[in-house]
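**Q** Top line first, the protein sequences correspond to chains L and Z.
Heads up: the first sequence begins at 1 in full-length UniProt numbering, then just goes up one per residue.
Heads up: the second sequence begins at 1 in full-length UniProt numbering, then just goes up one per residue.
Everything labelled a hint here was simulated from the structure, so no lab data went into it.
All the given hints hold, so there is nothing to weed out.
To give an idea of the chain Z side of the interface with chain L (calculated C-beta under 8 Å), a few residues:
hint, residue
1, Val176
2, Asp321
3, Gly350
4, Leu605
Don't be surprised by glycine CBs; every beta carbon is placed ideally from N, CA and C.
There are 2 protein chains.
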Amino acid sequence: MHPLEKLFRPRSVAVIGASGDPGKLGGRTLFHLKELGYRGRIFPINTSGKEVQGLPSWRSIADLPEVPDSALVLLPAPAVAQALEDCAAKGILHVQVLSSGFAEEGGEGVVMQERVVEIIRRTGMRITGPNCLGSISPPDGYFGTFSSLLATAKPGPGKVGIATQSGAYGSHIYAVAGFRGIGISRAIATGNEADIDVAAAIDYLAEDPGTAVICASLEGCRDGDGLRRALLKAAAARKPVIIMKVGSTEVGAAAAATHTGSLAGEDRIIDAVFRECGAWRVSSIEELLDVAQLCAIAPLPPSSGVGILSVSGGIGVLMADACIEAGLDVPPMPPEVLAQIREIQPVAGGRNPVDTTAQLGGRMHVFEDISQAMMQGAQLGAIIFYLAHIGRNVARFPPLEEALTALRRSFPDRLVVAVMTSVEEVRQRLNVLGVPVFEDPTRAVRAILGAARIRVLQAAAAAPPAIGPGPPLDLSATNEAAAKALLAGAGLSVLPERVCLTAAEAAEAATALGFPVALKILSDDIPHKTEVGGVMLNLADVTAVAQGFDEIMRRARAAKPAARLDGVLVAPMVTDGVETIIGVQRDPVFGPMVMFGLGGVSVELFGDVAFASAPLTPERADALINSVHSARLLAGWRGGPALDREALVEALCRVSKFAARHRDAIDVVEINPFLVRARGAVVLDALIAPRRA
Amino acid sequence: MHPLEKLFRPRSVAVIGASGDPGKLGGRTLFHLKELGYRGRIFPINTSGKEVQGLPSWRSIADLPEVPDSALVLLPAPAVAQALEDCAAKGILHVQVLSSGFAEEGGEGVVMQERVVEIIRRTGMRITGPNCLGSISPPDGYFGTFSSLLATAKPGPGKVGIATQSGAYGSHIYAVAGFRGIGISRAIATGNEADIDVAAAIDYLAEDPGTAVICASLEGCRDGDGLRRALLKAAAARKPVIIMKVGSTEVGAAAAATHTGSLAGEDRIIDAVFRECGAWRVSSIEELLDVAQLCAIAPLPPSSGVGILSVSGGIGVLMADACIEAGLDVPPMPPEVLAQIREIQPVAGGRNPVDTTAQLGGRMHVFEDISQAMMQGAQLGAIIFYLAHIGRNVARFPPLEEALTALRRSFPDRLVVAVMTSVEEVRQRLNVLGVPVFEDPTRAVRAILGAARIRVLQAAAAAPPAIGPGPPLDLSATNEAAAKALLAGAGLSVLPERVCLTAAEAAEAATALGFPVALKILSDDIPHKTEVGGVMLNLADVTAVAQGFDEIMRRARAAKPAARLDGVLVAPMVTDGVETIIGVQRDPVFGPMVMFGLGGVSVELFGDVAFASAPLTPERADALINSVHSARLLAGWRGGPALDREALVEALCRVSKFAARHRDAIDVVEINPFLVRARGAVVLDALIAPRRA
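Next up, chain L with everything else stripped away, as it sits in the complex (with noise of 0.2 Å):
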């Protein structure tokens, strides 16, 4: 039994703080218990100690025959902890604290908040909240919340688990579930989370039988691991998770921080690790439900193919032009399978999109006939139909329930969907057959989109591999050769360079390597070397390169004269290649990140950069590659050469291992810019900042 079990599903509940008020809180979630058909036993406990709402109540869990599964509490904050001590002494380890008044108030909450954190460290209880909505478990009829959607929409039962942290977020997923008819197994708020997260959460939906899809929202996030599991093991089931995470602006991380006090970070740090883990971020509530409600009625496309066959021929381009714009193909029918298409309705056009156009009088059978020949005919992954308002009229029905029953049964692993205007009833009959009914054909399609995307996210979802720490680094020089020397001891590749401490022995460092040559300031107190000139490029001869040496140290001189100047690097100039930038970070939440981007505008004026959890496989670090736009560059340029792919992808595998190893003695590497060549890749600069006390 999954240790939360007992919360999401009890069999006997006590409710702390019931009242024969339904006006209160506490008497509005006895209310809810008591008459929404829940058949665990509910125990009211109330200092009246006389019955509640027609049921028996106790003055106190003390009191209580038997030790309910769960509690609910539901007191003024500052009676909360003594209730949670008294629930632990009864033996009550699942507790629901729905009062608030906690952290989210500042000031005495945020000690109060802390008692309750205490009590759940000493007694090992489990609690959700303080200041959550609770819990709904539908098919048990068990809607342990004060929600006041309950009042006009109860909903119902079904297979699509929900695990957010906001309660009005939660609840308003809950109604909008329930306006569609899709059907919830549970559903919980975790408030501010002084306990459980949405990550266990998540964890408890993957492992919950009675849960085949799950949606999550986030409004931050304190266990980085924690989250990554959970969505792993609901990957590892196969049950597909859509996720929202606000914050993704920085208005909005700023609200979001002020508002749950957990930080937003970096946005695309979030997206790589929901990537990563198997999981489909959404943007809006109405996507997160499109794609629950399509994954939780039919099987995931096998392909990003998609077959359109529509009654409407610009319906059928609309539909086209938003497959191809969301990253879905569209591909052409070959010549036979149009002549079949022909065969079946001489007056259909296109090569997919097919249009049938409206004169079909009645022959549903042509949409199952040309859907057998295109699926034959090409991989298709989803079959998508527009069929205008066949749908509102019932009578019209069966002939199409047929062709679309045989179809299903013939490609029972591919995704087939009705756009559509209809009427209630045929879209649940359509919904039994596993078909998924949309009004709008460009909402159908960002569903599909949804579904292909997680089925070959599911496939590659795995954590970043286990690296255990490396041996001690010496971290006493912090300058770009001593940061170049870590790389290298990394396996990385430099070039040959010398640290130089006068102009002569520049001179003659820069004869050895041969010219032109390159100088830059070395020193601990000078992270940006260019900020205060200290970087000379193309030096092409003797003299040139003394006076730079002499040049560079009187700059860095002026311009930090506090700084500790270790003398000169001169270095051989190398261009032949494409400048990109590799950088590991280590975030607070998600530890080492790697980033990488190509130099230029491309990063800077496009912010085409990528993100992915360190260390890389080589499979991520190609994937990592491959997510940066401007990649494309390294395939060669302007008919130039293809440059060395195989040196990037092993020194991103090596970097990241090395700040993964180190994530403890390390915040920041920066490679910038780490030249890729035709043959080959070296580091070129290299900035390595230890971790900040």
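Following the hints, position chain Z against chain L.
**A** Using the frame of chain L, we list chain Z on its own:
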């Protein structure tokens, strides 16, 4: 009276091909006219000449006792031409041909459509179709269509006019509009567009007093200037135009071309035309109707600043993210406003979004009071409220209604939007107040974006300035030197360059111009010089130039033995600036269109270019530059100097005028690179392609 008034709103209508069988198109159309509230006179025309569906009928148009305003033709295609002749003879000059079997089927159908066009030309008759769905005017109870939608859902009357090319596309929009309670003024589907196209329909709707908002959908466009005029008329009337154009991807464009026989064209060109003419392009039917619904109910927001008030912190953040990503502003409230907010609702958090928390205890005036403070404290164009499930509870609604009524009264020109789950009654009551209601937070933001942008676009909407033809050009030579001479004549700066016929001449020219120089092959037959190795850069002395001359001539002869070579252009090397690309291409539908972008990866890798109609005004040129992402490089890059933007604007205007003046003689002007320098800007290479015969 608009020339199409009788077509859209006939006071009497003949149904040619009326049938007693409502299963047939001619029977269904008559049924709709008879049964759905039309108050005009209906004249069924039927070969039997007996009564049809209980109405007296006539054998022929000629027999009619009066001249009806319009006729609907539902005969088989081969009989249509004679029916049109009969209509013309009777004096009916507004006819809708609903019959199919014309150009859309190819072969004989094309010939029959040509005959229809000939009749239109000869008689001055105005027709929609053939192969169209007809039109409706719900306020008149007029449903002149066979659409099967009407069997289950009749669009209600309202202020939204709809013009689509495709009938199925149109009827999908009518259906969804109906489900959402969006009332329609007129709707038309133009089918094969032998005469009336979507632009002509928009032109009518722009003048129609019953229409306040226009929705349109195009698959192709044949008359670019007609579309411009219609959109500008709507913009001048301050009627929002929300428009879709399918075929935005290559696959979609190919499908649209198959399907409609019309060219999809470069999608960004039609994008530019829409924008210039004040129309707002959307990519889904859902978005089309969301924006239309908002515009039909509420004022367009006077600024892009949005205030967000939410009972849920999480959903406030979600909406803030959506605003920022869409390009709306979410300005933080100044401290004095925050102080006011805390006084009104002490537990409120955030600077915008403002989290009121759900602890309101029915105090709905909180929303009004906080909004008042926010509206006065910042330049907000709109306020969004997230109100959870308040709208599900009619009993709790009156205090909210009161608060919003007061708010609308205080700020009649600002947009107030409610996001919540709600019952229909609450939604309708808020709509009456001018408050649009959305269930999905992200959709609400997207609709606000549309409304805000429409206001800005309509205010700036203008046709490209009229410009007469220029004096005839000598286009007998088109090599680089000739192209530059023409551009110099148009007022652009070119370098002092020399055309040289021998190596000695080249060496002499280089000496006179100053080293280093560039050499470029000159030939009308070699428009792409680099492809034949016809460009050499950075030649530093007389020897290099002389050898370079011979080498270039040799390469050109080897690559293109048949080309006539006009010598070699010797030009000074100039590199101090940012390379841009200025192009003008004559679009077959929209005439000369300017393209602008920055050289290198910005264009080639990121497709960072923008289009505008020629000729440009300085304002439009400036906006064109701003719409290119990488244009920020012009302000100075990595400490470099700011570049001469004014010179660029002037050059764009001059090139665009030149191309527009000579649109009958020139297909393409391309200046690549056009170097923008710290002072001035200069043509480095140019190509002019005369108009193909």
